[in-house]
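Undergrad: The listed protein sequences derive, respectively, from chains A and B.
In this text, residue positions in the first sequence follow our numbering: the first is 125, and each later residue adds one.
In this text, residue positions in the second sequence follow our numbering: the first is 98, and each later residue adds one.
Hints in this document: simulated from the structure, not taken from any laboratory.
The structure displayed is predicted, hence computed values, not measured ones.
Possibly wrong hints are sitting among the right ones.
Restricting the straight-line Cα-Cα distance to at most 20 Å, the calculated cross-link-like pairs of lysine to aspartate or glutamate (EDC-like) are [what the hints assert, rightly or not]:
hint, chain 1, residue 1, chain 2, residue 2
1, A, 585, B, 514
2, A, 230, A, 344
3, A, 375, B, 514
4, B, 510, A, 367
5, B, 510, A, 310
6, B, 375, A, 141
7, A, 579, B, 514
8, A, 375, B, 204
9, B, 146, B, 263
10, A, 484, A, 586
11, B, 300, B, 197
12, A, 375, B, 181
13, A, 484, B, 514
14, A, 293, B, 197
Derived CB-CB ranges, DEER-like [what the hints assert, rightly or not]:
hint, chain 1, residue 1, chain 2, residue 2, range
15, B, 179, A, 352, 55 to 61 Å
16, A, 352, B, 315, 29 to 35 Å
17, B, 390, A, 262, 25 to 31 Å
18, B, 143, A, 137, 42 to 48 Å
19, B, 178, A, 447, 55 to 61 Å
20, B, 179, A, 235, 41 to 47 Å
21, B, 327, A, 201, 50 to 56 Å
22, B, 504, A, 137, 28 to 34 Å
23, B, 441, A, 586, 49 to 55 Å
24, B, 381, A, 238, 19 to 25 Å
Far from chain B, by Cβ distances over 10 Å, these chain A residues were calculated [what the hints assert, rightly or not]:
hint, residue
25, 285
26, 335
27, 568
For every residue, glycine included, the Cβ atom is placed at its ideal position computed from N, Cα and C.
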Amino acid sequence: MSVAMPPLDAGVLARRDEIVAALRAIVPGEGVIATSREMRPYESDGLTAYRQLPLVVVLPSTTEQVSRVLRYCHQAGVKVVPRGAGTSLSGGALPVGDGVLLGMGKFNRIRAIDYENRLAVVEPGVTNLAITRAVEKSGFYYAPDPSSQIACTIGGNIAENAGGVHCLKYGLTTNNVLGCEMVLPDGDVIRLGGGHLDAGGYDLLGVVTGSEGLLGVVTEVTVRILPKPETARALLIGFDTAEAAGDCVAKIIGAGIIPGGMEMMDRMTTAAVEDFVHAGYPLDVEAILIVELDGPSAEVDHLIERVSEIARGCGARNLRASTSEAERLLFWAGRKAAFSAVGRISPDYYCMDGTIPRAKLATVLHRTRELSEHYGLRCGNVFHAGDGNLHPLILYDANDPDQLARAEAFGADILRLCVEVGGVLTGEHGVGVEKRDLMPSMFSELDLEQQRRLKRAFDGKELLNPGKVFPLLSSCAEQGRMHVSGGQTAFPDIPRF
Amino acid sequence: MRSRFDDPPSKSDSDDRSGKGSVHMTHTLAPKNAGEVEEAVRWAHGEKKTLAVIGTGSKRALGRPSQVDATLDLSGLCGVTLYEPNELVLSARSGTPIAEIARLVADNGQQLAFEPADLSALLGGAPGTGTLGGVLAVNLSGSRRIVSGAARDHFLGFSAVSGRGETFKSGGRVVKNVTGYDLSKLMAGSFGTLAVTTDVTIKVLPRPETEATILVLGLDPASAVAAIAAALGSPFEVSGAAHLPGPVAARTDGVLPAGHSVTALRLEGVAPSVAHRKAMLLRLLDSRGSLGELDAAASATLWRTVRDVTPFAAPPGGADAARPVWRISTVPSRGPEIADIVAARTDADFLFDWAGGLVWASLAPADDAGAAIVRAATASCTGHATLIRAPAAVRAAVSVFEPQPAPLAALTKRVKESFDPARILEPGRMWAGV
Ligand SMILES: Cc1cc2nc3c(=O)[nH]c(=O)nc-3n(C[C@H](O)[C@H](O)[C@H](O)COP(=O)(O)OP(=O)(O)OC[C@H]3O[C@@H](n4cnc5c(N)ncnc54)[C@H](O)[C@@H]3O)c2cc1C
Numbered sequence: 125m126s127v128a129m130p131p132l133d134a135g136v137l138a139r140r141d142e143i144v145a146a147l148r149a150i151v152p153g154e155g156v157i158a159t160s161r162e163m164r165p166y167e168s169d170g171l172t173a174y175r176q177l178p179l180v181v182v183l184p185s186t187t188e189q190v191s192r193v194l195r196y197c198h199q200a201g202v203k204v205v206p207r208g209a210g211t212s213l214s215g216g217a218l219p220v221g222d223g224v225l226l227g228m229g230k231f232n233r234i235r236a237i238d239y240e241n242r243l244a245v246v247e248p249g250v251t252n253l254a255i256t257r258a259v260e261k262s263g264f265y266y267a268p269d270p271s272s273q274i275a276c277t278i279g280g281n282i283a284e285n286a287g288g289v290h291c292l293k294y295g296l297t298t299n300n301v302l303g304c305e306m307v308l309p310d311g312d313v314i315r316l317g318g319g320h321l322d323a324g325g326y327d328l329l330g331v332v333t334g335s336e337g338l339l340g341v342v343t344e345v346t347v348r349i350l351p352k353p354e355t356a357r358a359l360l361i362g363f364d365t366a367e368a369a370g371d372c373v374a375k376i377i378g379a380g381i382i383p384g385g386m387e388m389m390d391r392m393t394t395a396a397v398e399d400f401v402h403a404g405y406p407l408d409v410e411a412i413l414i415v416e417l418d419g420p421s422a423e424v425d426h427l428i429e430r431v432s433e434i435a436r437g438c439g440a441r442n443l444r445a446s447t448s449e450a451e452r453l454l455f456w457a458g459r460k461a462a463f464s465a466v467g468r469i470s471p472d473y474y475c476m477d478g479t480i481p482r483a484k485l486a487t488v489l490h491r492t493r494e495l496s497e498h499y500g501l502r503c504g505n506v507f508h509a510g511d512g513n514l515h516p517l518i519l520y521d522a523n524d525p526d527q528l529a530r531a532e533a534f535g536a537d538i539l540r541l542c543v544e545v546g547g548v549l550t551g552e553h554g555v556g557v558e559k560r561d562l563m564p565s566m567f568s569e570l571d572l573e574q575q576r577r578l579k580r581a582f583d584g585k586e587l588l589n590p591g592k593v594f595p596l597l598s599s600c601a602e603q604g605r606m607h608v609s610g611g612q613t614a615f616p617d618i619p620r621f
Numbered sequence: 098m099r100s101r102f103d104d105p106p107s108k109s110d111s112d113d114r115s116g117k118g119s120v121h122m123t124h125t126l127a128p129k130n131a132g133e134v135e136e137a138v139r140w141a142h143g144e145k146k147t148l149a150v151i152g153t154g155s156k157r158a159l160g161r162p163s164q165v166d167a168t169l170d171l172s173g174l175c176g177v178t179l180y181e182p183n184e185l186v187l188s189a190r191s192g193t194p195i196a197e198i199a200r201l202v203a204d205n206g207q208q209l210a211f212e213p214a215d216l217s218a219l220l221g222g223a224p225g226t227g228t229l230g231g232v233l234a235v236n237l238s239g240s241r242r243i244v245s246g247a248a249r250d251h252f253l254g255f256s257a258v259s260g261r262g263e264t265f266k267s268g269g270r271v272v273k274n275v276t277g278y279d280l281s282k283l284m285a286g287s288f289g290t291l292a293v294t295t296d297v298t299i300k301v302l303p304r305p306e307t308e309a310t311i312l313v314l315g316l317d318p319a320s321a322v323a324a325i326a327a328a329l330g331s332p333f334e335v336s337g338a339a340h341l342p343g344p345v346a347a348r349t350d351g352v353l354p355a356g357h358s359v360t361a362l363r364l365e366g367v368a369p370s371v372a373h374r375k376a377m378l379l380r381l382l383d384s385r386g387s388l389g390e391l392d393a394a395a396s397a398t399l400w401r402t403v404r405d406v407t408p409f410a411a412p413p414g415g416a417d418a419a420r421p422v423w424r425i426s427t428v429p430s431r432g433p434e435i436a437d438i439v440a441a442r443t444d445a446d447f448l449f450d451w452a453g454g455l456v457w458a459s460l461a462p463a464d465d466a467g468a469a470i471v472r473a474a475t476a477s478c479t480g481h482a483t484l485i486r487a488p489a490a491v492r493a494a495v496s497v498f499e500p501q502p503a504p505l506a507a508l509t510k511r512v513k514e515s516f517d518p519a520r521i522l523e524p525g526r527m528w529a530g531v
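Please take these sequences and the hints and turn them into a complete structure.
TA: What follows is the structure in structure tokens.
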């Protein structure tokens, strides 16, 4: 499958040798990769349906090199696509054929850990999990925990404002980043924020977070680290209807309780998962809810009781509270394996990522069932119930072109439905190339034009990560998708949320 | 359409809102809805008229004073348009009084977790005024900043009119959203210089069941910040961490014991949790100084005092009115060092919040409000300083906000121009030329 991208610049393609030579003068040795064979690993990200070799791959290892590369590309009119670990599910790191792919993997050092001020200064290529690993022996952790955390980088997390199951209570990337050093597309180096809590001036750090690599290249990041909660326990609750489960979620929050995590799965997904991990999930219910409470033990025990009471009041069919760490992890094991498990019961699946106001859950599930019948395709539902982030998984067989087309139409309908009920197109995977052309369903032309103007304030020549986030102005571009074929994803070992 | 505002209805023709001489107002535009805001800004854009943007004007004395042609008064854009407690979300028109919102959410057992300060004690004016739009525009946040974030962290989406007179929106009403740039962050703390918000959506959170505060008496600022770091590094969830040196603690209307410096740590949550954490923290801090406690009511009073910086209140005409007040943001462990450097060069009082990372400084009057001294200190310790209280003439002469390095200043200017190319919205309020 291909996706429409901005037209290739013939002049740049013609000057390829000259450009490669200039880049070699900035980044010596293995830092510049120019053969197709060696560039192959960079041709796509987690959205493997799209592949494109870049003009050249550059792997800088210092801020100064990044600055010189960007300054050169700015002067020479060459596009640049930044890349972290390449786990983006929206095609954010998809190369362009007439541009440099700037891999940030060599920025992989932790520069400083400051327990007294509860922060860590890291290079952008450090993986999310590596931060927690570096501080956990002292009782700290980095809170945002995307399920790709063993692979994805903090630079990529900033670009996508990544979330995890604990972000209901502890916030997304944007709430946990204090500062960064960034190179602007013209090569200028700026610092935003630092170790202090208020950055001062316009909150450009807040804008850069979630900007999908369109505004600058991040070369250093300061994150907050938090002391690990004293303890955590989880509840596994089964309900006869998704409505009852949704009602329970609302009542928990209405009672003033913000759990560390709150996740829902529907019957089909639960069955697929139970087959796979044998976590002891109830199979006779329409929805299961996993509620995790963390904090001081006195608080956790108290809240486990209160949440249990609320759940019973909402007609819970069955309810188990973890009594050991092993049991708590078992409850989660199934949830974490949900994507892979669904991958086992269908040749292919297509993962969506809309967010809805939680109260609309029943409506959205109902309409999704109708759409499922209409398109003749099954659909499982995995839901970050606490914050309304829905991951419908559409099952289909890519070998059947008609099924593929139906899956795509089904997916787009779900996202439009999310917007219609007051939600948004993407909660955590980003717009990238995937949802680019759906943006007008959520934003007016004026809304988008204001965002483009802001983009140009950072990147006047629009050379950084082109073709992403904004609909191509004059295209009837095909919409991109996250398709997973035969369970063969780019990152088969990563548990999926 | 434009003609409506050719001779706009004047709400007040004087400049008396600017008792501090901050704005010379010619007339006031008082739109009643978002459409009229758009019309007003279009008119200003077309006529090249500059605008001050106010809610109730309670924060008019913040920032650089500027000469504007007209005032856009948003207090007519009033009312909560959506409040769903179970969804933790509230939308309101920008000019809705913050007090009304605080009351509404409190009636539902909720709160604005970022604890917006009431700066009337510092800046003058009636207490309890201010609007939601204003609170967001200056990104106010209180002591809970260290765990719950600033106003910017609770600002989910908005609709606004840019300096071009174009209505646009960003964000939404859900917490998890990466659809397009997060312009809410940019609007928070932009002091009305980018766009005029007409409708805003924020996240609200449950109000803790109870609270208590632990006091450590008699520490110097450096030992206080070290004690706080030990507490914040523990799993006992401290939601406020301040240090008040003796003379400042004495100005808390008897909430705190007299004659000592006071280091205060707040605990919030369900009763069994607060009791447990209090016991654990008292043990943890036992060796650091003599300990005390405040019950829920006294604790709430203390943290209001800290949030609103009332120890630096200056009744008009009183001896303190001429003392400039600075707000310094730094790495927590460097707060005491900054204070030492400043105190070595001028008569100064300090109040430390945010675990030491927020230093309020009240200085002896000086022509530059002490800018040279304060900025030298922040430069050597990292961080930045904002001049919060000073006569308008002084705020016009010194940089109220931290001066920026050239590339960042240039970017800031381009960002401003991307929203307001003709520079009609609050020109110069943050920096000259922006
Ligand atoms: C199995 C799986 C599970 C996932 N689970 C989650 C989840 O639970 N939550 C979640 O939020 N996401 C999840 N994701 C999506 C993905 O992991 C995140 O979006 C992640 O933040 C991407 O990081 P990365 O380092 O791989 O970035 P890449 O994919 O390399 O790049 C992503 C974007 O960041 C930009 N970028 C990268 N580095 C920089 C830099 N230094 N400066 C500027 N821009 C940069 C790129 O241009 C691109 O636009 C999952 C992905 C997979 C494959």
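Undergrad: Next, verify each hint and record whether it holds.
TA: Do the hints match the structure? See the list:
{"no.": "1", "hint": "585/A with 514/B", "in the structure": "holds (16 Å)"}
{"no.": "2", "hint": "230/A with 344/A", "in the structure": "holds (12 Å)"}
{"no.": "3", "hint": "375/A with 514/B", "in the structure": "violated (46 Å)"}
{"no.": "4", "hint": "510/B with 367/A", "in the structure": "violated (50 Å)"}
{"no.": "5", "hint": "510/B with 310/A", "in the structure": "holds (16 Å)"}
{"no.": "6", "hint": "375/B with 141/A", "in the structure": "violated (68 Å)"}
{"no.": "7", "hint": "579/A with 514/B", "in the structure": "holds (12 Å)"}
{"no.": "8", "hint": "375/A with 204/B", "in the structure": "holds (17 Å)"}
{"no.": "9", "hint": "146/B with 263/B", "in the structure": "holds (16 Å)"}
{"no.": "10", "hint": "484/A with 586/A", "in the structure": "violated (38 Å)"}
{"no.": "11", "hint": "300/B with 197/B", "in the structure": "holds (16 Å)"}
{"no.": "12", "hint": "375/A with 181/B", "in the structure": "holds (12 Å)"}
{"no.": "13", "hint": "484/A with 514/B", "in the structure": "violated (39 Å)"}
{"no.": "14", "hint": "293/A with 197/B", "in the structure": "violated (26 Å)"}
{"no.": "15", "hint": "179/B with 352/A: 55 to 61 Å", "in the structure": "violated (37 Å)"}
{"no.": "16", "hint": "352/A with 315/B: 29 to 35 Å", "in the structure": "holds (31 Å)"}
{"no.": "17", "hint": "390/B with 262/A: 25 to 31 Å", "in the structure": "holds (29 Å)"}
{"no.": "18", "hint": "143/B with 137/A: 42 to 48 Å", "in the structure": "holds (46 Å)"}
{"no.": "19", "hint": "178/B with 447/A: 55 to 61 Å", "in the structure": "violated (46 Å)"}
{"no.": "20", "hint": "179/B with 235/A: 41 to 47 Å", "in the structure": "holds (44 Å)"}
{"no.": "21", "hint": "327/B with 201/A: 50 to 56 Å", "in the structure": "holds (55 Å)"}
{"no.": "22", "hint": "504/B with 137/A: 28 to 34 Å", "in the structure": "holds (31 Å)"}
{"no.": "23", "hint": "441/B with 586/A: 49 to 55 Å", "in the structure": "holds (51 Å)"}
{"no.": "24", "hint": "381/B with 238/A: 19 to 25 Å", "in the structure": "holds (20 Å)"}
{"no.": "25", "hint": "285", "in the structure": "violated (5 Å)"}
{"no.": "26", "hint": "335", "in the structure": "violated (6 Å)"}
{"no.": "27", "hint": "568", "in the structure": "violated (7 Å)"}
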